[in-house]
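Asks: Spelled out from the first residue to the last, the chains are:
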Amino acid sequence: MEFLDGYIPHVIGGIAYGLLLFTVASGLTLAFGVADVLNLSHGSIFALGGYIAYALTDGTWTGLVLAVLAGTAAGALFGGGLSIAVAPLAKRGHLAQALLTFGIAMIVGHLLVIAFGSGEKRPTLPSELTQPVLFGGNYYAGYHLLFIVIAGMLAVIGWLVITRSKAGARVRAMVDDRQMVATLGTNPKLVLAGVLAVAGALAGLAGALGAPILGPSQGAANMVLMQSLIIVVLGGLGSVGGAFIAALVVGQVHTLGVALAPQWAPYLLFGAMAVALLIRKPPPLLLGGRA
Amino acid sequence: MTDSTRSLTTRLLDARLVGVLIIALLASMPFVVDAYTLSSLSEVLAMGLLAVSVAVMAGNAALPSLGQVAPYAVGMYTTVVLIRSGWTVGPVLLLASAAAAALFCLILGFAVVRTRGVVFLMLTLAIGELAYQVSQRWKSVTGGTDGSGRYDATQMFWGTEPMVKPESIYWYCLAVAVIVVLIVARLVSGTPGKLVRGIRDNEARMRADGHRVGHYLLGLYVGAGVVAGIGGSLMASSQRMVFPSDSNFNISALVLMAVVIGGAASLNGAIVGLGVVMLLRDWSNTAVAEHSPLVLGVLFIVVVYLLPGGFAGAASRIGLKAVP
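Each protein sequence line maps, in turn, to chains A and B.
-14 is the number of the first residue of the first sequence in this note's numbering; add one for each residue after it.
1086 is the number of the first residue of the second sequence in this note's numbering; add one for each residue after it.
In case anyone wonders, no lab produced these hints; they're calculated from the structure.
There may be inaccurate statements among the hints.
If you want the ones that stay clear, here's a sample from chain A, every Cβ over 10 Å from chain B, calculated [what the hints assert, rightly or not]:
hint, residue
1, Leu84
2, Pro111
3, Asn207
Keeping only pairs whose Cα atoms sit at most 20 Å apart, straight-line, the calculated SDA-like set for lysine to any residue is [claimed, not checked]:
hint, chain 1, residue 1, chain 2, residue 2
4, A, Lys76, A, Pro173
5, B, Lys1224, A, Trp249
6, A, Lys76, B, Leu1391
7, B, Lys1224, A, Tyr252
8, A, Lys106, A, Trp46
9, A, Lys76, B, Ile1346
10, A, Lys76, B, Asp1286
11, B, Lys1224, A, Pro247
12, B, Lys1279, B, Val1298
13, B, Lys1224, A, Gln248
14, A, Lys76, B, Val1387
15, A, Lys76, B, Arg1285
16, A, Lys76, B, Ile1386
17, B, Lys1224, A, Ala246
18, A, Lys76, B, Tyr1390
19, A, Lys76, B, Leu1392
20, B, Lys1224, A, Val243
Label-pair distances were calculated between CB atoms; the ranges are [unchecked claim]:
hint, chain 1, residue 1, chain 2, residue 2, range
21, A, Ala246, B, Val1361, 42 to 48 Å
22, A, Phe120, B, Val1387, 51 to 57 Å
23, A, Arg149, B, Gly1229, 48 to 54 Å
24, B, Arg1292, A, Gly104, 49 to 55 Å
25, B, Glu1375, A, His(-5), 34 to 40 Å
26, A, Gly104, B, Val1361, 30 to 36 Å
27, B, Asp1367, A, Gly104, 56 to 62 Å
Where a beta carbon is used, it is the ideal one built from N, C-alpha and C, also for glycine.
Take these sequences, add in the hints, and give me the full structure.
Replies: And the structure:
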């Protein structure tokens, strides 16, 4: 037990990182599952949120709250804009979307580097949050604990909205039968734009709120996108619940794996993804429209 | 039925004519351009094989890969390691690189060929990224981000002079690329190509007819990997110094876009498309220096919007149909 004890902070850190990834990946999987958009610029939205947090935080609680709200709003705008950008490509499939959003990611990523420099940036937190917290003989990063609480609450709220609310019912109906949704008097295009805005907002929020855990940089944007894609595939395309479990696993591999087997951690993720694909056939809906 | 046969025939005739012209033009390049351009052209030829590898899968099987840089990197570093240990003869390097890439694709292929559509795109993207991470970390082989450092020149055959001059290494790349493309074109127009296109057009029917769909696609994936691996070997031989960034995700995306520009089903088109993209990249590298990503990003967006069905519906042919 004493041997394991030393790893508990890593486990907690892994949960925090997993929830961070879940916030990003849930947006990616929503955009894909509901709006049918493969967004390779999702990592850039994360970085955008992070840079906004870096720019707006000044060590006060107001600054932190403001930064998180601004990051979320910027992400929502980005997502809403994306829904306009991909609209003309609706008939052209995912490859066109992938190329378009990759182009956008290149441009946004480059502009962010011009504006903020290429190094990793960290926001300035209120001093209460930078103190390590002593609990059961181990020190924990205070911000990680706060992040776990907030992100966990967000996950619960998100789950309630999707499963219990009218808006959530409309979104779920979009997956099942778009034309029926239109017939019943809801404009599917608005729902799609809304879903992409929410997806963007989630990435922007994760970027701003998660900046103390993973600071924004071009490398962070790429890594978050790659790990989110892995989570989306592991969890099952379009499944938010699956993404939640997958994100926690990936978070543990990322932090605990690095502590236990630093050489192997990056490969474990890809191995897990290959195994998941091997033991489970992808859902027929998403096979690319082929019978 | 006759329609599609006829269009295939015209396409092949076109390809042949264009091919001969391109080869003649390319072979005379050393008399026209300077050494630096020639070295860039050798690079284009090496990456042209990477584009061919992507185009073969995208065009015939509707499997657009973002991860062909992985077997490309395997071929590239196989050649680097062999040259460092004293094996500098071209055929040995090419065969070894092809074999290493084939083995690599054979192992991964079992997972890859089970996927279609977006999952295929994501899985291949992950494989490409994985290969890039390995090439960054495996410093004893790759030198990490510092690059491999300068190594010896390749010999065309046993006993010939090492190819240190840009024109000799360029002709070597051209000869290998032409041979590989001819073999690929032969395979694509023959039975293997027909079987794979059958899977693309109606997979359930092919299965019902008793075809071993998984085996065919594995064959395709390994074959495409061999082409990419040979491209990687040419890259290593022509540049004599390689970096992990020679096989990263940006390269994958660039090559895939080149294939879309060139028209997915046409091998020559893929190489021409790649030439256009590489030229633009090199131009923007000198003209606007550090803002090259901006130019390429804009290019991506322009291509997506302005080249839809115009290029023989290239996008719909390789692209995955949208989920209804």
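Asks: Work down the list of hints and note, for each, if the structure agrees.
Replies: Against the structure, the hints come out as follows:
1. Leu84: Nearest chain B Cβ is 5 Å from Leu84(A), so the label is violated.
2. Pro111: With a cut-off of 10 Å, Pro111(A) remains clear of chain B, as the shortest Cβ separation is near 36 Å.
3. Asn207: violated (7 Å)
4. Lys76(A) / Pro173(A): holds (15 Å)
5. Lys1224(B) / Trp249(A): With Cα atoms ~15 Å apart, Lys1224(B) and Trp249(A) stay inside 20 Å; holds.
6. Lys76(A) / Leu1391(B): holds (14 Å)
7. Lys1224(B) / Tyr252(A): Distance ~16 Å between Lys1224(B) and Tyr252(A) Cα, so the pair holds.
8. Lys106(A) / Trp46(A): holds (19 Å)
9. Lys76(A) / Ile1346(B): Satisfied, since the Cα-Cα distance of roughly 18 Å is no more than 20 Å.
10. Lys76(A) / Asp1286(B): holds (18 Å)
11. Lys1224(B) / Pro247(A): With a Cα-Cα distance of about 15 Å, the restraint between Lys1224(B) and Pro247(A) holds, given a limit of 20 Å.
12. Lys1279(B) / Val1298(B): holds (12 Å)
13. Lys1224(B) / Gln248(A): Holds, because 13 Å separates the two Cα atoms, which is no more than 20 Å.
14. Lys76(A) / Val1387(B): holds (17 Å)
15. Lys76(A) / Arg1285(B): The given pair, whose Cα atoms are some 19 Å apart, holds under the 20 Å limit.
16. Lys76(A) / Ile1386(B): Roughly 16 Å separates the two Cα atoms, so the pair holds.
17. Lys1224(B) / Ala246(A): Cα-Cα ~18 Å, so holds.
18. Lys76(A) / Tyr1390(B): holds (12 Å)
19. Lys76(A) / Leu1392(B): holds (14 Å)
20. Lys1224(B) / Val243(A): Since the Cα atoms of Lys1224(B) and Val243(A) sit roughly 19 Å apart, the hinted pair holds (cutoff 20 Å).
21. Ala246(A) / Val1361(B): 42 to 48 Å: holds (45 Å)
22. Phe120(A) / Val1387(B): 51 to 57 Å: holds (55 Å)
23. Arg149(A) / Gly1229(B): 48 to 54 Å: holds (51 Å)
24. Arg1292(B) / Gly104(A): 49 to 55 Å: Since Arg1292(B) and Gly104(A) have Cβ atoms about 53 Å apart, the given range 49 to 55 Å holds.
25. Glu1375(B) / His(-5)(A): 34 to 40 Å: holds (38 Å)
26. Gly104(A) / Val1361(B): 30 to 36 Å: holds (34 Å)
27. Asp1367(B) / Gly104(A): 56 to 62 Å: violated (28 Å)
Consistency note: the structure conflicts with the earlier hints numbered 1, 3 and 27.
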